[in-house]
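K.L.:
The primary structure of each chain is shown beneath.
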Amino acid sequence: MIIHSSSQVSRFRLLRRFPLPRGFGILRESRIDPGRHWPAPAGAKRTKTFQIYRYDPESGRNPRLDTFEVDFDECGPMVLDALIWIKSKVDSSLTFRRSCREGVCGSCAMTLDGTNWLACTRFITEMASPASVYPLANFPVIKDLVPDQTHALAQYSMIEPWLKASEPPPQQHERLQSVADRKQLDGYYECILCFCCTSGCPSHWWNGDRFLGPAVLLQAWRWLADSRDDAKGERLDALEDPFRLYRCHTILNCTRTCPKGLNPGKAIAEIKKMMLERTL
Amino acid sequence: MRPRSPNIQNYRPQLTSVLSIANLITALISTVALVAFVAWLVAAALRPSSYGALHAAAVSPIGRALLVIATFAFFLHLCGSIRHLFWDAVVGFELRSIYASGWVAVAASIVLTAAAWLVGRFVKG
Amino acid sequence: MPEPREPTPSIAARARGLGSARRGTGAWRAERVTAVALVPLTLWLVASLVALGGADRAAFVAWLGRPLPALLVILLLLAAFRHTGLGLQVVIEDYVHSAAKIPLLITTYLLCFAICVVGVLATLSVAFRR
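Residue numbers (my numbering), protein chains in the order written: chain F, 11 to 290; chain A, 210 to 334; chain C, 5 to 134.
These are calculated hints, taken from the structure and not from any lab test. One or more of the hints may lead you astray.
[To be verified] Away from chain F, derived, C-beta distances all over 12 angstroms, residues of chain C:
(1) 17
(2) 20
(3) 48
(4) 56
(5) 86
[Claimed, not checked] Under 8 angstroms between C-beta atoms, here's a sample of chain C residues computed to sit facing chain F:
(6) 16
(7) 19
(8) 32
(9) 35
(10) 47
(11) 70
(12) 97
We put the beta carbon where it would ideally sit given N, CA and C, even for glycine.
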C-alpha cells in the first residue's frame, strides 16, 4: 500500500486500466487489432505469456497485439532477455531499442504491464500473467516497440541544456564548485533521458505539444541548480509560461515511474519555488 | 500517419494519478456546492417562500444524499489541497511520503465527513 | 569535434511555439494564497452549518445577520470565487483545445465574478436588514 521505491511493482492489480471504453480517444490509425498467437516451442516446461504491441509501417495495416509464449528456462531473467529470445528464436521481425542491458542507457524504456520501466531491469517474474509489453505511452510509433522521441528531444534542446557562464573558463583549473554546491546536482544529473516519466504524465498526454514534461523540466532544474551557471534569469524567463511549466499539477506519476529512482516532481517544485522567489 | 501508442487506455491507474483526478472531480463538485450555497444566501435574502422551497429540497432524502456527497467531495478536495500546499513548499516528495500522505488524505476526508454528519445529527437531537 | 545534430527546423519550431509567455507565476501564487485563506474559512463555514442543523429561515438569517458571520461569509465568497475561477481556467486550458476555449474562458471568468457579487450582495442585504 505504501510504495517506498519506484522499483516496487504494485501488489494490488485491482484496476489494470482506467474504467473507460477500450478505444476511448484512440484515433483510427492507432487502433490496435488482435494479432497472431505464437505458441511455445515443443519441450518447453515453464512458459510465460507475453502480449506485445506490434506495428509494421510497411504493411499499411493498423497496429496489433501479438501473443508470445516464452520458454522461461531458455532465456535470461529480464523482460529484455525475453524480447531478445523471441527475436532470435520465434519472430525475427520484432523490433525494439536496446544497448547496455544494465539500466544505464535508457534505450529499452517501454510500458510494461501499464507502467513505464526499462525492459532490461524488470524481472519476468515481476510481470503479470499475461505480461503486456507496449511501446512508451503516448509517443508516435516508428515500428513495434520503437517510439519516435523527436518532439521530446526538441523540447529538451529548447531549454538549452549546457553551461552558460558569464566568465571565460579559468586557465589553470576547472570552474571551481564547492562540495555543497555540487551536492545540489545529486538526483538530477543522473537522468538517462529514457522519457519514462514524460510518457507517464497525463498533463503531457493532453498538452504534450506545449508542456515540456518532467524529463525536460528535471534537466532544466539541473541547470538552474548548477552554481557555475549564470543564466538563471533567462532560463526562468523561458520556462515561465502557463503551458511550458505550469501544466504540471503535481500528479507525480513521474516520480512513481522513474527507473533510476529520480524525483522529477520535486525538481519541478523547486523550479516553481525559484520562480516565486524572484517575484518576492 | 504514424500510430500513437495508447496512453490512458493502457496506463495503470496509480494512487498518484487517481488522487489527482479525484482532486479535479471534487473541485468541480465543490464549485457546484459553492454556487448552491450562493443560491441559499440569495434565498435567505429574499422572501421566505423561496428559502422554504430550498430548505425542503435540502432535507429531502435526495437532497440529503447530495449533501453527503458534496461534503465528502469538499473534504477530499480540502485534504488533497493541503497535500498540494505541502508539495508547493517542496516538502514530502519522497515516494514513501507521497503514498502515506495520499492514504492519510483519503482516511481524513472519510473521518471528517462522518464527523460532520454525526455531529449534525447530534445537534438536531 | 562533430556538430551536435540539430532537429529539423519544423520540429524545433513546433517545440518553441510562440515563445514563452513570461507570465504564469502570478496565477499560480494567487491560487495558493486563496487556498490558504480558504482552509480556515471553509472549515468555519462547514462547522457553522453543522451547528445550525436543519435551521429554518429565521435562525439562518439571525446567524448571518451578525457582523462576524457576515464578514467571514463575504471573505469566503471572495476567496472561493477567485480560487474557483483560477482553477476552472486551468481545467479548461487542460482539456479544451478547440475554438470553444476562449469563449469558455471568458464566460467562466465573468460568471465567477457575477455570482460572487450576487452572493456578497445577498449577504450584505441580510446583514444590514437587521
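K.L.:
With 12 angstroms as the threshold, tell me whether residue 17 of chain C passes as away from chain F on beta-carbon distances.
P.N.:
violated (9 angstroms)
K.L.:
Since residue 56 of chain C was said not to touch the interface, does its Cβ keep a gap of more than 12 angstroms from each Cβ of chain F?
P.N.:
Fine: 35 angstroms to the nearest Cβ keeps residue 56 of chain C off the interface.
K.L.:
Can we trust that residue 20 of chain C is non-interface, i.e. its beta-carbon lies farther than 12 angstroms from all of chain F?
P.N.:
Given a closest Cβ separation of 6 angstroms, the condition is violated.
K.L.:
Should the interface hint for residue 70 of chain C be scored as holding, given a Cβ-Cβ cut-off of 8 angstroms against chain F?
P.N.:
violated (37 angstroms)
K.L.:
Given residue 97 of chain C as an interface hint, is the shortest Cβ-Cβ distance to chain F below 8 angstroms?
P.N.:
holds (7 angstroms)
K.L.:
Given residue 32 of chain C was flagged as interface, is its beta-carbon under 8 angstroms from a beta-carbon of chain F?
P.N.:
holds (6 angstroms)
K.L.:
Taking the least C-beta to C-beta distance, is residue 16 of chain C closer than 8 angstroms to chain F?
P.N.:
holds (5 angstroms)
K.L.:
Can you verify the interface hint for residue 47 of chain C: is its Cβ closer than 8 angstroms to any Cβ in chain F?
P.N.:
violated (23 angstroms)
K.L.:
Determine whether the non-interface label on residue 86 of chain C survives the test: each CB of chain F must be over 12 angstroms from its CB.
P.N.:
holds (17 angstroms)
K.L.:
Would you check whether the claim that residue 48 of chain C is not at the interface survives, using Cβ distances to chain F and the 12 angstroms cut-off?
P.N.:
Label holds. Min Cβ-Cβ 27 angstroms, cutoff 12 angstroms.
K.L.:
Tell me if residue 35 of chain C is really an interface residue toward chain F, meaning its C-beta lies closer than 8 angstroms to one of theirs.
P.N.:
violated (10 angstroms)
K.L.:
If you take the shortest Cβ to Cβ gap from residue 19 of chain C to chain F, is it below 8 angstroms?
P.N.:
holds (4 angstroms)
Checked against the numbered hints given earlier, the structure breaks hints 1, 2, 9, 10, 11 and satisfies all the rest.
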